[in-house]
Every structure is written in structure tokens, then in C-alpha cells.
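Engineer: Quick mapping for you: the protein sequence lines, in order, are chains A and B. Its first residue numbered 1, the first sequence is counted upward by one per residue in the working numbering. Its first residue numbered 1, the second sequence is counted upward by one per residue in the working numbering.
In short, the hints are calculated from the structure, not lab data. Mixed in with the good hints there might be a few duds.
Unchecked claim - Capping the alpha-carbon separation at 30 angstroms, the derived lysine-lysine pairs in DSS-like fashion look like this:
| id | chain 1 | residue 1 | chain 2 | residue 2 |
| --- | --- | --- | --- | --- |
| 1 | A | LYS600 | A | LYS521 |
| 2 | A | LYS700 | B | LYS40 |
| 3 | B | LYS40 | A | LYS26 |
| 4 | A | LYS56 | B | LYS45 |
| 5 | B | LYS45 | A | LYS700 |
| 6 | B | LYS244 | B | LYS211 |
| 7 | B | LYS27 | B | LYS157 |
Claimed, not checked - Looking from chain B toward chain A, a few residues come up when the C-beta cut is under 7 angstroms (computed):
| id | residue |
| --- | --- |
| 8 | ARG2 |
| 9 | ARG3 |
| 10 | ASN41 |
| 11 | ARG189 |
| 12 | GLU190 |
| 13 | ALA264 |
| 14 | PHE266 |
| 15 | VAL273 |
Keep in mind that this is a model prediction, so the values were computed, not measured. Glycine included, C-beta positions come from ideal geometry on N, C-alpha and C.
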Amino acid sequence: MASVMKTTRDVKGIGLSILRPDGPDKVTGQVQYVADLNPRGLLHAKLLRSPYAHAKIVRIDVSRARALPGVRAVLTAADIPVLKKKAPTRAHAVLAIDRVVFAGQPVAAVAADELAIAEEALDLIDVQYDVLPVAADPLESMKPGAPPVAELGTEADTSEALAHGSVAGVTTEAKSSKAVNISQQARLQRGDVAKGFAESDVVIENTYRVPMVHQGYLEPHAVLAQWDTAGNLTLWASTQGSFNTRSEVADVLELPENRIKVIPMECGGGFGGKIRALCEPITAVLARATGRPVRYVMTRREELEAGMPAPQVIIKMKTGVKRDGTLMALEAEAILESGAFSGAVLAVAGVFLASLYRWPSFDVQGFEVLTHKPSIAAYRAPVAPQTIFAIDSQMEQIAKAIGVDPVEFRLRHLQREGDKMANNQPWLSNGAVEVLTRLAEHPLWKKRAEWKASSKDGKLRGTGLSLGGWLGGLQPTGATVRLNPDGTLQVLTGQVDIAGTNIALAQIAATAYGVDIDKVKITTGDTDVAPMTGLSAGSKTTYTVGVAVMQAAENARNQTLEIAAKELEASVHDLEIDNDKVVVRGVPDKGITLASIGKKGNLYMSKVEPVLGTSHPAFSVQAPAFCGQLARVEVDPDTGEVTLHNFVVAQDVGKAINPLQIEGQMQGGAVQSLGMALTEALIYDDQARLTNPSLLDYRKLTSADLPSIETIIVEKPAPHGPFGARGVGEPPIVPAPAAIANAIEDATGVRLTHLPLSPERIALAIAAAS
Amino acid sequence: MRRFELVLPGSVDDCVKALAQAGPESKLLAGGTDLLPQLKNGLLKPARVIDLSGVPRLRAIEPGNGQGLRVGSAVTARTLELDRAVRAKYLSLAESGALVGSVQVRNLATLGGNLCNAAPSADMAPPLLALDAEAVVTGPKGERRVPIAAFFTGVRKTVLAPDELLVELVLPNPGARSGGSYLRHTPRRELDIAVVGVASQLTLANGVCTKARIALAAVAPIPLRATAAEQALEGQAVTPDRIKRAADLAVEAARPISDQRGSADFRRHLVRVLTRRTLTTALARASA
Numbered sequence: 001m002a003s004v005m006k007t008t009r010d011v012k013g014i015g016l017s018i019l020r021p022d023g024p025d026k027v028t029g030q031v032q033y034v035a036d037l038n039p040r041g042l043l044h045a046k047l048l049r050s051p052y053a054h055a056k057i058v059r060i061d062v063s064r065a066r067a068l069p070g071v072r073a074v075l076t077a078a079d080i081p082v083l084k085k086k087a088p089t090r091a092h093a094v095l096a097i098d099r100v101v102f103a104g105q106p107v108a109a110v111a112a113d114e115l116a117i118a119e120e121a122l123d124l125i126d127v128q129y130d131v132l133p134v135a136a137d138p139l140e141s142m143k144p145g146a147p148p149v150a151e152l153g154t155e156a157d158t159s160e161a162l163a164h165g166s167v168a169g170v171t172t173e174a175k176s177s178k179a180v181n182i183s184q185q186a187r188l189q190r191g192d193v194a195k196g197f198a199e200s201d202v203v204i205e206n207t208y209r210v211p212m213v214h215q216g217y218l219e220p221h222a223v224l225a226q227w228d229t230a231g232n233l234t235l236w237a238s239t240q241g242s243f244n245t246r247s248e249v250a251d252v253l254e255l256p257e258n259r260i261k262v263i264p265m266e267c268g269g270g271f272g273g274k275i276r277a278l279c280e281p282i283t284a285v286l287a288r289a290t291g292r293p294v295r296y297v298m299t300r301r302e303e304l305e306a307g308m309p310a311p312q313v314i315i316k317m318k319t320g321v322k323r324d325g326t327l328m329a330l331e332a333e334a335i336l337e338s339g340a341f342s343g344a345v346l347a348v349a350g351v352f353l354a355s356l357y358r359w360p361s362f363d364v365q366g367f368e369v370l371t372h373k374p375s376i377a378a379y380r381a382p383v384a385p386q387t388i389f390a391i392d393s394q395m396e397q398i399a400k401a402i403g404v405d406p407v408e409f410r411l412r413h414l415q416r417e418g419d420k421m422a423n424n425q426p427w428l429s430n431g432a433v434e435v436l437t438r439l440a441e442h443p444l445w446k447k448r449a450e451w452k453a454s455s456k457d458g459k460l461r462g463t464g465l466s467l468g469g470w471l472g473g474l475q476p477t478g479a480t481v482r483l484n485p486d487g488t489l490q491v492l493t494g495q496v497d498i499a500g501t502n503i504a505l506a507q508i509a510a511t512a513y514g515v516d517i518d519k520v521k522i523t524t525g526d527t528d529v530a531p532m533t534g535l536s537a538g539s540k541t542t543y544t545v546g547v548a549v550m551q552a553a554e555n556a557r558n559q560t561l562e563i564a565a566k567e568l569e570a571s572v573h574d575l576e577i578d579n580d581k582v583v584v585r586g587v588p589d590k591g592i593t594l595a596s597i598g599k600k601g602n603l604y605m606s607k608v609e610p611v612l613g614t615s616h617p618a619f620s621v622q623a624p625a626f627c628g629q630l631a632r633v634e635v636d637p638d639t640g641e642v643t644l645h646n647f648v649v650a651q652d653v654g655k656a657i658n659p660l661q662i663e664g665q666m667q668g669g670a671v672q673s674l675g676m677a678l679t680e681a682l683i684y685d686d687q688a689r690l691t692n693p694s695l696l697d698y699r700k701l702t703s704a705d706l707p708s709i710e711t712i713i714v715e716k717p718a719p720h721g722p723f724g725a726r727g728v729g730e731p732p733i734v735p736a737p738a739a740i741a742n743a744i745e746d747a748t749g750v751r752l753t754h755l756p757l758s759p760e761r762i763a764l765a766i767a768a769a770s
Numbered sequence: 001m002r003r004f005e006l007v008l009p010g011s012v013d014d015c016v017k018a019l020a021q022a023g024p025e026s027k028l029l030a031g032g033t034d035l036l037p038q039l040k041n042g043l044l045k046p047a048r049v050i051d052l053s054g055v056p057r058l059r060a061i062e063p064g065n066g067q068g069l070r071v072g073s074a075v076t077a078r079t080l081e082l083d084r085a086v087r088a089k090y091l092s093l094a095e096s097g098a099l100v101g102s103v104q105v106r107n108l109a110t111l112g113g114n115l116c117n118a119a120p121s122a123d124m125a126p127p128l129l130a131l132d133a134e135a136v137v138t139g140p141k142g143e144r145r146v147p148i149a150a151f152f153t154g155v156r157k158t159v160l161a162p163d164e165l166l167v168e169l170v171l172p173n174p175g176a177r178s179g180g181s182y183l184r185h186t187p188r189r190e191l192d193i194a195v196v197g198v199a200s201q202l203t204l205a206n207g208v209c210t211k212a213r214i215a216l217a218a219v220a221p222i223p224l225r226a227t228a229a230e231q232a233l234e235g236q237a238v239t240p241d242r243i244k245r246a247a248d249l250a251v252e253a254a255r256p257i258s259d260q261r262g263s264a265d266f267r268r269h270l271v272r273v274l275t276r277r278t279l280t281t282a283l284a285r286a287s288a
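Throw the hints in and build the complete structure from the sequences for me.
Structural biologist: Next comes the structure, spelled out in C-alpha cells:
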């Protein structure tokens with residue numbers, strides 16, 4: 001796996017900036033998404049959702065809805081015997097049973113000939129609710145006596161943390177006290193914290209808050225379900241993992257997995273929000289009830305009100321250092337609000353808080369708290385932006401307090417390879433130091449004093465940077481590589497391409513086999529035909545599937561050479577692949593084309609085995625990846641408006657398989673990170689109802705808010721990555737909140753600890769300070 | 001979106017007839033940038049939609065009496081932003097048009113839609129208040145004129161009866177030595193709604209302010225004028241100190257609420273900042 005392929009010539013493969021072949025179809029609207037599918041007899045689904053965050057369902061009467069012409073099915077939980085009251089995950093809570101636990105929770109489902117008819121039918125369903133007290137604030141919800149969210153005895157769901165891999169050695173446990181809404185807790189400790197603080201010269205305490213935010217994929221959740229007469233279910237799904245979708249639907253509906261085929265359609269973005277099943281089970285049930293294909297496409301409003309956003313994270317942090325900058329003690333309490341169902345990556349939060357810098361003593365506690373809000377899911381490097389916002393803001397303030405250069409201070413204390421993380425696992429090879437050093441060498445950082453001094457027209461200028469990263473996920477996977485009768489290669493995986501990974505995988509196959517990329521076609525197969533594979537998540541597609549593809553291509557290459565050796569009566573060791581031919585080294589006219597080897601594998605009566613390279617690896621070594629970001633800002637102190645003049649992203653990618661795609665990931669991640677920093681928040685009222693359920697008031701940044709984003713690719717090879725590659729998707733969403741907070745403080749002198757860093761927060765803080 | 005009947009009138013008279021037949025279950029469609037999201041999200045479920053796109057008079061910009069201007073209710077935000085006649089004497093109105101939505105939205109969104117939806121944050125309302133505009137309304141009983149200050153009656157409520165239509169806005173000529181400005185605050189540069197909007201209009205004669213208008217959006221159920229602030233400037237030379245004083249008085253006129261777009265405190269803070277800035281710009285433009 002660590003071996004670097006020797007190709008016989010420089011093929012057009014890894015290292016090249018190659019455009020995605022699916023790009024033109026996407027920007028011209030030719031690609032078929034689930035919402036574009038229109039099979040004969042299609043029915044449209046709609047869900048009736050609870051207007052209340054917490055209520056008892058006294059009665060549901062669907063008779064008027066069922067009588068509406070064009071309505072084919074109206075279902076409630078009573079119609080679906082497999083549903084259980086103690087739903088362990090959101091996916092299992094297909095329709096509410098007796099009680100709703102968040103506003104927007106589905107209560108009844110309709111399938112009708114037209115979408116407009118399905119919508120009309122919703123109005124004809126009569127539901128009588130008894131409204132119950134609401135747990136809307138996590139700090140209140142974690143106290144004894146808060147209105148309970150989960151049914152008593154429901155188990156915590158830690159599978160999200162497992163899916164993102166990432167942390168061993170942290171035990172999370174369900175709390176057994178009167179605080180019924182604390183669903184998980186964890187604690188990481190080392191050394192004597194009390195002594196550390198007692199011996200500290202500078203102690204800084206802050207509470208950091210990051211609200212719930214939505215992943216904001218362009219394509220909302222969508223699925224089409226159809227059953228055949230033999231009882232097999234096909235799902236055309238917008239998913240980050242077709243095999244995971246299959247498992248979850250099988251589990252919820254109590255079906256054998258091989259009775260379900262998930263066809264992964266083009267996925268218009270996921271960012272963690274399309275890992276877990278959401279609307280697939282109910283759509284399948286409607287299709288079974290009607291005997292017709294049923295399609296469900298969530299609206300944007302439903303996405304915001306009842307999707308699976310990122311948790312609100314509240315971190316109380318206290319740090320102590322000596323006057324000379326020696327780190328002494330860190331104490332932190334992280335509260336992750338996970339909404340109505342458990343599922344936050346609590347352990348990751350704990351590890352991030354205490355593992356980046358060398359704290360000799362620390363005590364980090366984490367609590368997952370349930371509230372009556374939509375349950376959360378992963379969002380690109382789940383909880384890393386939130387925790388890094390806290391720890392990096394804190395490091396900046398410490399450096400300022402003791403009067404040392406903030407970059408030197410970070411570099412002095414940054415954990416290196418082999419150092420123990422908070423969970424006592426060693427840090428693996430990573431490029432944190434290299435990334436931070438590159439950023440500190442940037443002219444925008446070196447000239448930060450000049451920038452600050454150039455403030456004019458009443459505006460204030462500043463510069464800030466931050467460093468963050470991701471530990472890297474792992475999951476078993478597989479791939480096959482076939483040689484076609486015309487000498488082209490066919491790569492098959494089950495991996496959903498949500499980020500341009502297929503072009504990178506094809507480049508890996510090209511280099512590993514020894515042909516140009518234009519000879520390689522890659523296909524994402526459905527769950528009936530593709531090798532089983534993991535989620536497109538955790539920054540692990542290139543890192544893990546890349547290895548499978550590389551090994552399968554090597555395997556196919558070896559099979560090809562063995563066939564050629566027989567045909568050419570030469571030793572395998574003397575052969576090489578050159579210009580689509582297998583040739584004997586040093587004897588260029590003695591050779592056989594790949595096409596003729598491919599043909600022999602598919603000839604009537606041929607005795608030559610067809611070339612089928614396979615690999616199905618599992619993994620144990622992660623590849624942490626770091627990203628640094630630098631912001632040059634101008635603040636209007638009267639209105640609090642922040643103008644982003646420059647933004648730089650430096651990232652360790654191990655080896656850039658396709659630099660162009662990686663730059664796209666770095667810029668895209670930065671934009672999401674800046675949105676969290678500056679404008680995004682799901683805002684709930686005291687009854688836990690969303691007050692901003694549209695993209696007008698849930699503010700993703702637009703191009704008008706952003707400068708051109710500069711990218712700097714740093715390559716520190718990952719020892720076990722394909723050709724040294726690391727995951728690249730998640731690191732760039734991590735640093736911007738702290739970088740922007742640091743830049744705003746540089747410009748205005750005001751330190752802000754609650755996201756988003758909105759004009760209101762900035763202007764009122766400046767007004768209060770002056 | 002629910003099923004509805006679509007009516008396509010070709011003239012103002014046809015519109016009035018369609019409204020009379022349709023009853024209260026009907027909605028007028030101009031640009032649709034506000035109506036369509038409400039239809040799609042099921043917030044409105046009209047039985048009948050009357051599409052105004054086939055009525056040329058509503059899209060006209062024509063000279064009015066006394067060198068004023070008449071602007072049709074279906075004139076788009078983009079046209080307000082770019083039209084020479086509007087920009088020449090009514091720059092604050094052009095500025096409000098330029099701030100709405102994005103270019104795509106501005107190509108659809110209309111002046112009449114912005115006013116008739118009667119959101120407290122409507123961007124085009126403060127400039128019209130500051131310009132002493134009049135609304136021309138027609139219905140089965142004929143045409144009537146309503147000063148824009150009396151047009152709004154509450155959040156999403158106007159003086160329009162269910163069978164009436166806003167035809168145009170009449171803008172008086174502000175005179176040679178007059179200048180205006182509209183500014184709003186939004187957390188995002190485009191595709192956003194005013195947290196606070198302020199329009200100011202100053203008219204000068206011999207170094208003295210003869211007429212001052214300051215109008216505020218998103219600080220009360222309806223757009224309103226800060227009359228005490230206006231009076232503090234009229235009859236005076238407009239100095240930085242008097243602008244500051246007027247900005248303080250404008251804050252007193254505001255009656256903001258706290259909501260997801262901003263707290264009452266921040267809104268009051270913004271009224272002060274934006275009043276100061278729009279008055280400063282209006283003074284420079286009037287003096288130019």
C-alpha cells in the first residue's frame with residue numbers, strides 16, 4: 001500500500017489539473033438528478049409536519065384527505081407496523097408516534113398524482129395536538145427537570161462518530177442522572193489542572209458559542225422509490241453512501257439488504273447532511289402502499305426546518321500560561337446540542353480541544369444535550385470548526401496577553417508527530433507546521449502592520465490567521481479494474497462522487513496501470529453490482545478508495561503483463577507498458593497491444609483469462625490534514641460591516657492528485673467556513689421554532705461578499721496514502737471563524753466569541769467599548 | 001404550490017373588472033418575487049392570480065405635471081436603478097431600486113409590488129416618503145390619490161381595498177437645489193432585506209435648508225417620517241452638528257422591535273448612523 005508505482009513512462013495521470021468530465025453537463029443543466037426522474041405512473045409525496053416542537057398527538061383524522069380525488073395513499077404511524085416508539089435514530093422515526101419532538105417532524109404522509117394535490121391533501125388531515133413544555137435551550141435542557149426529549153430508555157447514537165472515524169480511546173457514556181436530556185458525556189484528563197492554574201501567570205476564560213448551521217447543499221434531499229412484484233425495492237437516491245442508505249432502510253423497514261437496490265444518483269452536495277437516511281424509508285413505504293413509483297423532494301424550507309444541521313456548540317474554556325509563554329493548564333466544557341435525537345461526535349470535540357497544543361494538564365468535559373429541535377448530523381469536519389474557533393481564539397488572546405508573536409507562539413506549542421493526543425493516541429505524520437509556516441511567510445501576513453496603519457475613511461483594517469485540521473476518516477472499500485477488448489480501462493467502485501473524486505480516482509488508475517487518463521472510464525455502480533464501499537465523508541474517498549483503485553489497477557497491470565509474457569515468451573520482469581503496448585524492455589519492436597490482450601479475454605473459445613483487477617482493502621492508519629487561513633479585513637465600526645479584502649488558504653494535501661479539483665475543495669470549504677464565521681445561523685424562538693426558514697434570512701455568503709480566494713497547496717506525503725495523498729475535503733472548512741475573529745480584533749480591538757460575527761455583534765461591541 | 005386560476009388582463013380597466021369578479025380570494029402578480037415564494041411555501045393559497053404583465057400603462061415612466069414624474073406601479077427595480085429621468089432628480093429612489101435582491105431579482109421585482117406587500121422593510125417606501133410622492137389608486141369607483149405617507153396602514157396592510165389597484169406613483173419636482181440619498185443596512189451585500197433603511201432629502205436656498213425629509217424603514221410597523229428631526233434642520237444652515245442632532249432625533253422617532261434580523265438596540269443604533277450618512281450625502285448632492 002505504501003509502495004509507489006513504477007510506471008514505464010510518464011502517463012497522463014496523477015498530478016495533472018484535469019477538468020471533471022461531468023462539469024459541462026452540470027453547468028448546462030443536462031445532468032439528471034432524482035427530481036428529474038419521471039417514470040410512468042409516478043406519484044408525488046408530501047409530508048404533514050408538526051407545527052409544534054413538543055406536543056402529544058391526541059388524534060389524527062385522515063379521512064378527508066383520503067377522499068380527495070388524485071390522492072393514492074395517506075399514511076400515519078399506525079399504518080406502518082415496523083415503527084417503534086423508542087426510535088434510536090432519526091431515520092427510524094419515520095412518522096411520529098403519539099408525540100412530536102421537534103417542529104417539522106413528519107406526522108403523516110401523502111402520495112398523490114400531482115404535487116399540488118398532495119399539498120391540498122395535507123390541509124385536509126386533521127391533527128389534534130396537546131402542546132407540551134419545550135426544551136429550547138441546551139443549557140436549560142441539561143438541567144434536571146427539563147421537559148424530556150427522547151423516550152425513556154432510548155440509547156445514544158454514536159455511529160456518526162464511528163463513521164467519521166477519527167478517535168480511539170475516548171469512552172462516551174450515557175448519563176444516568178435526573179438530567180434526562182444529557183444523552184452522552186465524555187471526559188479527557190491529564191495532569192494536575194488545579195496546580196497548573198495555581199502556577200499560571202495569565203489565566204484567560206471565555207465562553208464560545210457557535211449556533212446550529214445548515215450544510216446548504218444545492219440539491220435538497222430527494223428519493224424515488226419503486227417495488228417490483230417479487231418484493232424487491234429500488235431507491236434512486238441523493239446520498240453520500242449508497243451502501244449505508246441500503247443498510248439503514250433495511251434496518252428501519254426490516255428487510256433483507258439484498259432485497260434493496262440503491263442507485264446513487266448525481267448528488268448535488270451533501271457535506272455530511274446526506275449520510276444518514278432521512279426521507280428514504282417513508283418514500284419506500286408510500287411506494288409499497290400504492291404499488292407505484294413515488295418521488296419525494298424536500299423543499300428548501302423543509303430542509304432548513306427539518307433537515308439535519310450541525311449542532312450548536314457551547315464551549316466554556318479556561319487556560320493558564322506562564323509569563324514566558326509556557327502552557328500550564330486547560331479546562332474546557334463542551335456542550336453539543338444535538339436536537340431531538342442523539343448523534344453528535346462528542347469524542348471528536350474533546351480530542352480537538354486538548355490535542356492541538358501541548359497542554360501538560362487538561363480537563364475537558366463534553367456533554368451531548370437533546371432539545372426539541374431537528375436532530376443534527378455531520379457537517380464537513382463535524383465540530384472541528386466549532387472547537388478550533390474556541391482553541392485558536394484562545395491561543396491568539398494568550399499570545400497577545402503575554403506580548404509574543406501569535407504564529408511563533410502557536411509553532412512553539414503545536415503538537416508534532418509522535419506527541420500524544422488527548423486520547424493518548426500518537427499524532428501521525430502531518431503538515432501542520434509546514435502549513436502555518438507557509439502562511440506566516442505570506443506577504444499579507446508580513447505586511448499586516450502596514451495594512452492596519454493604512455486604515456482610512458473611518459474604516460478599520462486588520463489581519464488574522466488560524467490553523468485547524470481534521471484527523472481523517474477510514475472505512476473499508478473496494479474497486480475493480482477491467483481491461484476492455486479495445487485496450488481501454490473500466491474502473492468500477494460503489495463510491496458516490498460528491499466532490500470530483502471520480503476524476504482523481506481515474507487519474508490514480510491511469511498512473512498505476514500505465515495508460516493515459518483518456519483511456520480510463522470510471523463508473524459508480526449501484527449496490528447490486530459495485531464492490532461494497534463506505535461513505536463519501538470524512539475526507540477519505542481519495543485516501544481509501546484511491547488505494548483500492550491503485551491496487552486494483554496494479555493487479556490488472558500484473559495480470560496484463562503475465563498474459564503478455566506468455567504471448568511474447570518473455571519474463572514478466574522484462575516487460576513494460578508503453579503507448580498502450582506491452583513491450584520487452586530494450587526491444588521496442590517486440591510487443592503486444594493492450595487491445596489484443598483485451599480482445600483475447602473476450603474471444604469465443606479463447607483460453608486467455610479476462611483481465612479483472614480487484615482490491616478490497618481495510619485500513620488502520622489515518623492521515624491528519626491541516627489547513628491554515630489568513631484574512632485581511634476592513635471593518636466599518638459604525639455599522640459593523642466586514643469587508644473581506646483578501647483570503648488565503650494554505651493546506652497540506654499530501655500529494656495533489658488533481659490540483660485543480662483540490663483548489664476547488666479549498667475554496668469551497670473556505671466559503672462555507674466564512675459563512676459560519678460571518679452570517680450563518682439557524683435562529684429559533686423560545687418555542688424552538690425556526691424563525692429564518694429561507695435562504696433570504698438564513699444567509700449563505702454570495703459571490704458579492706467574497707474576494708478571490710488564494711490557494712497554496714502544501715505537499716507533505718501521507719505514508720499510507722495513494723501516491724502520498726491525504727484527504728482534502730474537510731480541513732478548509734475549519735479555520736475561518738477564528739481567523740476572522742482574530743482579524744476583527746486586530747482591526748477594532750474587540751474580541752468576539754459568539755458566531756456568527758455579525759455586523760450587529762461587531763457594531764454593538766465597538767459601541768460598548770468606546 | 002396549489003392549483004389556481006390565472007387571469008391575464010390587457011388593460012387597467014380589465015384589471016379592475018377582474019378584481020371585482022375575483023373577490024378576496026385573488027392575488028395580483030407583478031414581478032412575483034414576493035408572491036411566488038409565499039405561494040410555494042403554502043403561506044398564501046389564492047384561488048385566482050391576476051397577472052399584470054400584459055398591462056403596458058403600469059410599466060410606463062412619463063413626465064408629470066410641473067416637471068414631476070409619473071412612475072408606473074409595474075416598473076421594475078432594475079428600471080428605477082438605471083432610468084435617466086429617475087436618476088436625474090430622484091436619486092434616492094434609484095438607489096433603493098439598486099439595493100433590492102440581486103440583478104435577477106431586480107429584473108422582476110416592481111415598485112408596486114414593493115409598496116403593496118407593505119413590508120416594514122420595503123426599500124422603495126422611504127425614498128417615496130422623502131420625495132412627498134402620491135399613489136394613484138384605481139377601482140370600481142374610479143381613481144383616487146393617496147399621499148404615500150398615508151398609504152401604509154400596518155404590517156402588510158395598505159389603504160387599498162380588495163378591488164383596488166395601485167396604478168402609478170406621482171413624484172413632484174424637488175427643485176434644483178435638492179438632493180437625496182437612501183442607505184440601508186444588511187448583513188449580506190446582496191439578496192438581503194433591510195435591517196434598517198433611511199432616506200433623506202434636503203432642499204436648499206441661500207445656504208439654508210428650506211425643506212428636509214427623513215424617512216425610516218424597518219423600525220416600525222409602517223415606514224415613517226422622522227418629523228422632529230426634519231424640523232430641526234428646516235430654516236437652518238445644515239452643519240455637521242445639526243446633522244448629528246437630527247440623527248439623534250430620528251432615533252427617537254423609531255419604534256423598532258427585536259427579531260431574527262436585528263435587535264431593537266441595533267436598529268436604533270443604525271438609524272443614527274444611516275441618518276447621519278444620508279443627510280451628509282443629501283447635503284453634498286443638494287449643494288453640487
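Engineer: Taking the hints in turn, state whether each one holds.
Structural biologist: Hints, verified against the model:
For the hint linking A:LYS600 to A:LYS521, the alpha-carbon distance of about 20 angstroms falls within 30 angstroms, and the restraint holds. Taking the CA atoms of A:LYS700 and B:LYS40, the gap is near 21 angstroms; set against the 30 angstroms cutoff, the hint holds. Under the criterion of a C-alpha separation no larger than 30 angstroms, the hint pairing B:LYS40 with A:LYS26 is consistent with the structure, at around 25 angstroms. Between the alpha carbons of A:LYS56 and B:LYS45 the distance comes to roughly 28 angstroms, so the proposed pair stays at or under 30 angstroms and holds.
About 29 angstroms separates the Cα atoms of B:LYS45 and A:LYS700, which keeps this hinted pair within 30 angstroms; it holds. For the proposed pair B:LYS244 and B:LYS211, the alpha carbon gap of about 17 angstroms is at most 30 angstroms, so the pair holds. Between B:LYS27 and B:LYS157 the alpha-carbon distance is near 14 angstroms, which keeps this suggested pair within the 30 angstroms criterion. At a threshold of 7 angstroms, the smallest CB-CB gap from B:ARG2 to chain A is about 6 angstroms, leaving the interface hint in force.
Look at B:ARG3: its Cβ gets to within about 5 angstroms of chain A, closer than 7 angstroms, so that hint holds up. Taken as an interface hint, B:ASN41 checks out: its beta carbon lies about 5 angstroms from the nearest beta carbon of chain A, inside 7 angstroms. Look at B:ARG189: its Cβ gets to within about 4 angstroms of chain A, closer than 7 angstroms, so that hint holds up. Interface restraint check for B:GLU190: the shortest CB-CB distance to chain A comes to about 4 angstroms, inside 7 angstroms, so the restraint holds.
With its C-beta approaching chain A no nearer than about 11 angstroms, B:ALA264 sits outside the 7 angstroms limit, and its interface hint is violated. A least Cβ separation of about 4 angstroms between B:PHE266 and chain A falls short of the 7 angstroms threshold, and the interface hint therefore holds. Using the Cβ-Cβ criterion of 7 angstroms, the hint placing B:VAL273 at the interface with chain A is satisfied: the shortest such distance is roughly 4 angstroms.
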